[in-house]
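Chains as they are written, first to last, in my numbering: chain A, 1 to 686; chain B, 1 to 686.
Treat the hints as calculated values from the structure; they're not laboratory data.
Keep in mind that a hint or two might mislead.
[Stated by the list, open to error] So the derived label-pair ranges between C-beta atoms look like this:
#1 A:E146 / B:E649: 55 to 61 Å
#2 B:K395 / A:D299: 51 to 57 Å
#3 B:E649 / A:P357: 56 to 62 Å
#4 A:N110 / B:E649: 23 to 29 Å
#5 A:P342 / B:G611: 41 to 47 Å
#6 A:S404 / B:F283: 37 to 43 Å
#7 A:A580 / B:T290: 42 to 48 Å
#8 A:K670 / B:D113: 47 to 53 Å
#9 B:E675 / A:P342: 53 to 59 Å
We treat Cβ as the ideally placed atom computed from N, Cα and C, and that holds for glycine.
2 protein chains.
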Amino acid sequence: MSQFTPEPTDSASIATIRTLAADVVGKANSGHPGAPMGMAPVAHVLFSRFFNANPKSSKWFNRDRFVLSNGHACALQYILLHLLGYKLSMDDLKAFRQLDSLTPGHPEANHTDGIEVTTGPLGQGFANGVGLAMAQAHLGAVYNRENFDLINNYTYVFTGDGCLMEGVASEAASLAGHLQLGNLIVIYDDNHISIDGDTAVAFTENVEQRFLSYGWQVLHVNDGDSDLAGIYDAIAAARVETSKPTIIRLRTTIGYGSKQQGTHGVHGAPLKADDIQSLKSKFGFPADQTFYVPKETYDTYRAAALRGAQLESKWTSLLAKYGQAYPKEHAELTRRISGKLPEGWEKTLPVYKPADPAQASRKLSELVLTAITPSIPDLMGGSADLTGSNLTKVKGTVDFQPPSTGLGSYAGTYIRYGVREHGMGAIANGLHAYGGIVPFVATFMNFVSYAAGAVRLSALSKHQVIWVATHDSIGLGEDGPTHQPVETAIHLRAIPNLDFWRPADGNETSAAYLVALKSKETPSVLSLSRQNLPNLEGSSIDRAALGGYVLYEVANEDMTIVSSGSEVPIALEAASKLKAEGINVRLVSLPCWSVFDKQDEQYKLSVLRSGAPILSLEALSTAGWQKYSHEQYGLPAWGASGPYLKVYEKFGITGTNIAAVSKKVIAFYKQKGGEVVSPLVKAIKL
Amino acid sequence: MSQFTPEPTDSASIATIRTLAADVVGKANSGHPGAPMGMAPVAHVLFSRFFNANPKSSKWFNRDRFVLSNGHACALQYILLHLLGYKLSMDDLKAFRQLDSLTPGHPEANHTDGIEVTTGPLGQGFANGVGLAMAQAHLGAVYNRENFDLINNYTYVFTGDGCLMEGVASEAASLAGHLQLGNLIVIYDDNHISIDGDTAVAFTENVEQRFLSYGWQVLHVNDGDSDLAGIYDAIAAARVETSKPTIIRLRTTIGYGSKQQGTHGVHGAPLKADDIQSLKSKFGFPADQTFYVPKETYDTYRAAALRGAQLESKWTSLLAKYGQAYPKEHAELTRRISGKLPEGWEKTLPVYKPADPAQASRKLSELVLTAITPSIPDLMGGSADLTGSNLTKVKGTVDFQPPSTGLGSYAGTYIRYGVREHGMGAIANGLHAYGGIVPFVATFMNFVSYAAGAVRLSALSKHQVIWVATHDSIGLGEDGPTHQPVETAIHLRAIPNLDFWRPADGNETSAAYLVALKSKETPSVLSLSRQNLPNLEGSSIDRAALGGYVLYEVANEDMTIVSSGSEVPIALEAASKLKAEGINVRLVSLPCWSVFDKQDEQYKLSVLRSGAPILSLEALSTAGWQKYSHEQYGLPAWGASGPYLKVYEKFGITGTNIAAVSKKVIAFYKQKGGEVVSPLVKAIKL
Ligand SMILES: [Ca+2]
Ligand SMILES: [Ca+2]
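Build out the structure end to end from the sequences listed, making use of the hints.
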C-alpha cells in the first residue's frame, strides 16, 4: 500500500518543469531538454515531498545535498532552484548558457546559489555524492550525541547512463557499498538513450546486478513517467535502509511529451518551436506562452521551501542546546562549519636545520601530517592503496570504516580508498563540498593522471583538496618508466587555481603544507620524493612559502640555476664544484610556480634577475620552464628502470654533469654578448 | 571428471617458478615476489598445457596473447619467457630492475621479446586484453573462411585485485561483456591482499556477481595453490565458451611457501635470505643454490615451445593455401600483418583552396576519414558516445558488434565505446598491439584527460593510436568551462613520442592525418574545433606536415605571430588590420610542436627567426609557448559558458584586440632595444 498522498497540483508542477525545460533550452538554442523532461516527475516528488533544505539559507549545514550527476540536464536543476526560491530569477533562466550568466551550460559550484558540486564531466557527480555521504557519516559519528542528531542529512544523486558507464563512478560505487553509506540515494534515469542512440549499442550490462554486487540496495520503478506513488515509495524505502546506499532504477522516457520522445533527437538539441507548442497543449498549458509557471506550482514549491526553513530553525535551536550540553564539541563543530582552521596550528609545523638528517620528502610529509593532525581534526584522508609508500597514515589515527567491519568506525579519519585514484579525487571534492573537512588524498605522482578529470574540477570548483603525490620522478628508480612521471608536473602547473608544490627539503615541505592549508579555495598537489633529500642551508618555511626564493646567493653571478625538489641539492653540488673553479653560480629554489607568480614584481625580479643566464634543472620534461629560465635541463624523454642513482647518472643529472652544462651555458651567453634580461621581463601580463 | 593429465614434472616446474621469483627479486633487492609465487601453478598449467605461441618466432600472428595486467608481478612473466626460450637469458633474469636491462621493473612492450603490452599501471593490461580480443574477433571475421580458421587465438589475462578496483578495467569489462568476446580469458588472482593489507579494508564487492552483471562467464577455483586439475578444467571450460568472455576467480596464497605467505609482507619487498632458503628446502630444492632450474623443467617448457613451433608451421602452410584460394584477402591480410599501409592512400587526402567554404576541423576530419577509409581497411575506431559530435562514423561503415545484437557484425569497423574514455584508450592500445589494425578513438579534447593513463602508455609502448579530439577550446561555447580544455594541450605536448596536432584548416587537417598514419610507432592526438575555420592562403599539406611553417611572409617584419588551430585566422585578421596601419606582422602556423622540433635547425630558424619579437596566440593556457615565442597571449585561467564568439571576445582573442596587443609588444621590444634573438637559439639541446 503506497504511502503517497497525491496533490491536485502535482501534474501541473510536473508539466511546468517539462515545458520550462523546453523553453529554457529553446531560448538558448543550445542545451539538453530530454533528461529534464524525463526526470521531471522524480524531481517533483523528491523536492515537494522529501528534500530538506532552506532555499533562503542555502548553506545550512544539515541540508540534504542534491547532485545532478548528469549535469548536461542542468536546465532541470536551474528550474528547481528557481521554483524553490533560491537566488535564481526567471531572467536567469532566460539567460541560460549566455555569457556571465548564473545559468552556465553545466552547473558550477561556487557560481550559482544552491549548486553543491560542479557536474557535467560524466561520473564526477556520482562520485562527489559518495564523498558528500561519507562526510555526513563521518561528521555525524563525530558530533552527534543522544538526542542531538545534528548531522543526519541525505545525499540525493540523479544520474544517467553516461555516468554509470564511467569508471570513476564504478570506483566510487564499489567503495560506497563497502562503506555501507545508508544516507546515499542515487536515482538512475534509465531512459535507454545516450548520445550514440539506444544504449543497446554499448551499454547492455545488468546495472541492478552490478550494484547488488557492490552491496547496494537496488530498487526500481517501471513507470518513471507517471507512477508518482511508485517513485515516492522507492525514495521512502531508500531512506529507511540505513546500512546500505540505495540506487533506484527509474525507467523514463527521454523528452517525455515531445513528438520525438524516447529518441536521442531530444537529448542534446532544442525542441522545434511547433513541438514545444504541441507539448504545452498536451499538458493543458497555453501553447503560445513561454516560461509559463502556474501560481499553484510556485505555491507548491514555496511550501516545500517553508518546510525547509522551519527545519533549519528547529536545527538551529537544537545546535544551541548542544552548545550548552557539549560546549567543546559545539565550538569545534561550529568552527569547522565556518571553514576556519584552529588558531595556532601553524606553530606545530616541523622546522629543520641543515644538520638534520636527510629524509625523503614523502617522509617529511608524514612528519608534517603527524605534527599537525592532533591540532587539525578537520583533516580526513587516505591513499589509493599505497599507504605504506605514500606515508599518509599518522600513527594512532583510526580507519574510516563501517563499525560492522571491525576495522574502524565512521568517526575514523583515515580512508582506505583502494586502487581507485579517479574515484578518490572525485570523492575528495565531495568531502570538501560538504564542509567541515579538509580532505587529503595520496598516490604516486604518476597516477594523479588517472584522476585528472577530478583534479581539474577541484580547481574549477575551488575545492581545497591536498594531493600527497609521492615517487615523483626517476628518483623512484627500479619501478621504471611506467611509473616515472615526466609530463605530470607541467600538466598540473597549467591547471588554473591549482598549486603544484615540489619541495626540496624539510622546511619547504612544511611550507607547502602551510600554504596548502591556508588556501581555502585552492587544491594543492605536493610532489614528493621517494629518495632522501638533505636539509638545505638557506631554506625556511617563510621563504619557501613565497613559492620561490634565492637559496644560495652570490654577487655578480656568472649564472643562476633555478630548480625544484630533489634536483635542488644536485644544483647546489654543481654550484659548489663550479665555485672551486672560480665560477659564480647562484641558486634559486622554485617549489611552486603559481604561488611565486603571485608575488610582487620587484621580488620576482630580484629572485630571477637580469644580468646572467638562468638554467632550469628538473628530472622531468623541461616543458614550461622557459617561462623562468633561458636554458633548460631535464629529461629528453622517458625515464628508465634501475637503482635511482644510476638512472640520474644515465640522464646526466649529477653535480658533475650539471657543472659541465653550466659552463657551456655561460660560454654560450658570453659569446652571444648583449645584456641577458630576466625571462620575467615581459610586454604582456595576462 | 577432470580432463587434466598430471605430469611427474609439474611440481618441480611450479617450485622452480616460485623459487626463481624469490631469487630474481632477492638479487635485485627490489620488486614483488608474492604474486609470482602465488600464481606459479596457474602460470604453469596455462603455459605447459594450453598456450599456443612460438618463442622462437614471437610475432607469429595467430599466437595466443598473454597479458600480465598485474605487471608488478613481472618476475613471473620474465621467468616464463626464459623457461619457454624467448630471447631472455638467465643473465637477463639476474639483471632484473637494473639499468638498461631487458627486465625492467614493469613489463615494457617493444623492449622485451614476448611482451605484448606494457603493464604495471593498474587496470591497463586488463583493458589491453579486451582490445587484443576485439582485434582477434574482428580480423577473424574479416579474413577467416571455411576451412581457413586463420585467426582464432585466445587472449589470456592475469589480473590481481588492484586492476579490478580500477575504473579503466570496469569500463573495459562492461564493454567486453556487451561484445561477447568468447576468446578472452581472464584469470583473477584472488589472494585477498593488496598494498594496504587485507582487501577487506576497501574491496569487499562480489567480483563474481559483478562480472555476471557484465555478461561474462564466471568460474572459480578454490585452491589455486595446488589444485592443478581444477585450474586445468576451468581454463578448458573458458575455451569452450565462445559467446562470452570468461573470468576465473582463482583463490591463491600470495607468496606461497614463504614464512610470510598470505600477508602483504610478501607483496612488494624481497624475501629475507633465510626465508628463501627455507622455501627451497620446503620444495626439495638445494637451499643454497640460487637461480636453480631442474633440467626437467627446461624440458617441459621446451616441449611446450616445440608444440607452438609446430602450430606456427601448420599455420604457415594453411596461410599459403589460403593465398591460393583467396589471393585478394591473402594479399591484404599479409600486408596488414606487415604493418604497411596500402600504396597510394595519401593521394586520397582532401586538398583545399582558400575559396573552399569554411568548415569546423572536426568536419574536416570527417572528410579525411571518409576519403581514406575505402583505401585503408586497417582503420578501426569509434567514439566514447559522441559519434555525432566527433563526426567519426564514415557513412557506410558497419558497427563492430556481436551478430546476435542485430546491430552489426564482428567484421564491422566502427566501435561503439560507450562513455568510457579511459577504457577506450587502453583498448585501442590493445587493438594496435595485436597488429593489422590502425585504431582511432574519439571524444571531446577535455575528456582525453580521463584517459591520460592509457595515452601515456600509447606513447611509451609506441602504439599508433589516433585520437580525434574535438571541441578543443572555448570555441565549443555554451557547454562552458567544465568542457573547455585549458591545460590539455600542454599536457599532451609534454608526453614524449606523442604528436599533438592542432590544425588550422583543411590542408592542415589532412597533413595531421598524413603524418599520424605514417608514424607507425607514435600515437597522435588531433585537436579539432567545433566552430568553422576558413581555408587559409598559404597552407598546404606538405608545409603543414613539417609541423610548423610560415603561413604569411613579410620582409623586415615588426613582429611574428605564432599560432595554432582556430586562432590562426584570428592572428591573420590582426596582421591584416596592422598592415593597414603600416605595421608588418608575419604569421607562423605551428600545428605540431614535436614534428616541428624534428626539422633541421636551419629550417626551424627560418620559421621562427631572429630580428623581431614573436608573439604566441592560442585560446588555451600559454604554458609551454615560451619555447617558441618571446611573448604569449592566451587564456589567463578558465573559459566561460556562452555563444563562442562572445567567449572569444571576453578573453580578447579577436583580430582587433590581438592587433592592439601586437602594438604593445612591438613598442616594448623597440624600447627595450638590442637584438631580438629567436627563442630557438639555445646553448643546450637535450
Ligand atoms: Ca540516458
Ligand atoms: Ca591481490
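- Query: Given a hinted range of 53 to 59 Å, is it respected by the beta-carbon distance of E675 of chain B and P342 of chain A?
  - Reply: 57 Å, holds
- Does the hinted range 23 to 29 Å hold for N110 of chain A and E649 of chain B at CB? 24 Å, holds
- Does the Cβ-Cβ separation between E146 of chain A and E649 of chain B fall within 55 to 61 Å? 60 Å, holds
- Does the Cβ pair E649 of chain B, P357 of chain A satisfy 56 to 62 Å? 57 Å, holds
- Message: Quick check: does the Cβ-Cβ distance between K670 of chain A and D113 of chain B fall within 47 to 53 Å?
- Response: Between K670 of chain A and D113 of chain B, where Cβ atoms are some 50 Å apart, the hint holds.
- Query: Between A580 of chain A and T290 of chain B, does the C-beta distance stay in 42 to 48 Å?
  - Reply: 45 Å, holds
- Does the Cβ distance between S404 of chain A and F283 of chain B fall inside 37 to 43 Å? 41 Å, holds
- Task: Return holds or violated for the Cβ distance of P342 of chain A and G611 of chain B against the range 41 to 47 Å.
- Result: Since the Cβ atoms of P342 of chain A and G611 of chain B sit about 59 Å apart, the hinted range of 41 to 47 Å is violated.
- Using the Cβ atoms, figure out if K395 of chain B sits within 51 to 57 Å of D299 of chain A. Holds: the Cβ-Cβ distance is about 53 Å, inside 51 to 57 Å.
Hint 5 from the list above is the single one not met by this structure.
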